[in-house]
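Go ahead and model the full structure; you've got the sequences and the hints to work with.
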Amino acid sequence: METLETIKNLTMTQWSFYAVSVLTLFGALGTILSKNPIHSVIYLIMTFFSLSAHYVLLNAQFLAAVNIVVYAGAIMVLFLFVVMFLNIKDEAPELDNNKIVIGASIVGGTIGVILVAAIRLTESQKIDPSTYQIKTGFIETLGQLLYSKYLLPFELVSVLFLIAMSGAVMLGRKEKGERNF
Amino acid sequence: MENQLPAMPDVIAQVPLNNYVLLASILFIIGIAGVLIRRNAIIMLMSIELMLNAVNLLLVAFSSYRSDPNGQIFVFFIMAVAAAEVAVGLAIIVMIYRNIRSIDISLLDKLRG
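Chains as they are written, first to last, in the numbering used here: chain A, 1 to 181; chain B, 182 to 294.
Calculated from the structure, these hints are not laboratory results.
No experiment lies behind these values; they were computed from the predicted model shown.
Errors might be hidden in some of the hints.
[Claimed, not checked] Beta-carbon label-pair distances, calculated as ranges:
#: 1; chain 1: A; residue 1: S158; chain 2: B; residue 2: L288; range: 32 to 40 angstroms
#: 2; chain 1: A; residue 1: T110; chain 2: B; residue 2: N199; range: 17 to 25 angstroms
#: 3; chain 1: B; residue 1: P197; chain 2: A; residue 2: K174; range: 49 to 57 angstroms
#: 4; chain 1: B; residue 1: L288; chain 2: A; residue 2: K99; range: 15 to 23 angstroms
#: 5; chain 1: B; residue 1: L292; chain 2: A; residue 2: T122; range: 23 to 31 angstroms
#: 6; chain 1: A; residue 1: K99; chain 2: B; residue 2: K291; range: 19 to 27 angstroms
#: 7; chain 1: A; residue 1: V77; chain 2: B; residue 2: A194; range: 49 to 57 angstroms
#: 8; chain 1: A; residue 1: L145; chain 2: B; residue 2: N199; range: 26 to 34 angstroms
#: 9; chain 1: A; residue 1: P93; chain 2: B; residue 2: R293; range: 48 to 56 angstroms
#: 10; chain 1: B; residue 1: R293; chain 2: A; residue 2: L10; range: 26 to 34 angstroms
For glycine and all other residues, C-beta sits at the position ideal for the given N, C-alpha and C.
Encoded structure:
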């Protein structure tokens with residue numbers, strides 16, 4: 001009965017937090033458990049959209065937009081393209097192998113217990129509304145920081161992209177003597 | 182316009198930070214389990230993306246609760262590095278597929294002594 005009372009007393013914001021969290025975890029579980037890789041990609045896109053909803057709830061609108069553009073827009077299209085390009089048959093024999101699943105559950109469960117035990121020992125401090133900055137996640141705050149304090153890392157990211165691009169091109173090129181099909 | 186902004190987002194006043202920490206931990210553990218149970222290289226790469234996103238969520242939550250924009254800049258950089266990583270990772274997977282006609286990583290045991 002008490003849990004029912006608690007559920008009834010949830011505010012709108014708390015409802016949206018729990019609904020989006022359930023959606024996130026459902027998408028994550030679907031990603032690792034579905035047999036067809038295409039379904040995995042679709043579930044992962046769902047997870048990324050619900051993570052963007054979390055960012056909006058946390059008042060980080062810039063990152064919510066970047067998350068959709070970069071992850072759902074660019075990275076997942078790349079994944080989908082490769083899955084379709086390789087034409088993988090939808091079979092996942094490893095999911096029927098109980099030994100692997102039990103071992104993975106034990107490892108995951110152990111890490112989970114350690115994390116939860118550590119989190120329970122911590123105490124989060126109260127937020128003071130008088131010193132709170134509402135504009136933290138706004139694009140002007142982040143832009144000013146990005147182009148002053150973090151200017152060098154920001155420029156180095158472009159070098160990283162250049163190297164990644166040339167690396168991907170080099171890896172994707174067909175080499176002499178390689179098997180054709 | 183400036184006066185219409187609320188003092189702080191509703192989530193921060195009504196949802197404890199520990200809920201976000203727990204959610205990110207569960208997401209990270211699902212990613213670890215995915216890397217361990219799947220033998221398909223593409224799905225393993227997607228599980229790694231899940232773990233990266235769990236860390237991103239945690240960084241955004243802490244940054245937002247403490248109203249410190251530095252954490253969100255870090256998330257921005259993590260996203261950039263993840264994009265580069267996926268490009269190279271998928272190129273490697275395509276190369277593996279061209280060579281052995283499969284992306285099952287249990288077939289790649291040539292280094293075993």
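Structure-based check of all given hints:
1. S158(A) to L288(B): 32 to 40 angstroms: holds (37 angstroms)
2. T110(A) to N199(B): 17 to 25 angstroms: At 21 angstroms between Cβs, range holds.
3. P197(B) to K174(A): 49 to 57 angstroms: holds (55 angstroms)
4. L288(B) to K99(A): 15 to 23 angstroms: For L288(B) and K99(A) the Cβ distance comes to about 19 angstroms; the hint holds.
5. L292(B) to T122(A): 23 to 31 angstroms: Since L292(B) and T122(A) have Cβ atoms about 42 angstroms apart, the given range 23 to 31 angstroms is violated.
6. K99(A) to K291(B): 19 to 27 angstroms: 23 angstroms Cβ-Cβ, so the 19 to 27 angstroms window holds.
7. V77(A) to A194(B): 49 to 57 angstroms: violated (38 angstroms)
8. L145(A) to N199(B): 26 to 34 angstroms: At 27 angstroms between Cβs, range holds.
9. P93(A) to R293(B): 48 to 56 angstroms: At 20 angstroms between Cβs, range violated.
10. R293(B) to L10(A): 26 to 34 angstroms: Since R293(B) and L10(A) have Cβ atoms about 54 angstroms apart, the given range 26 to 34 angstroms is violated.
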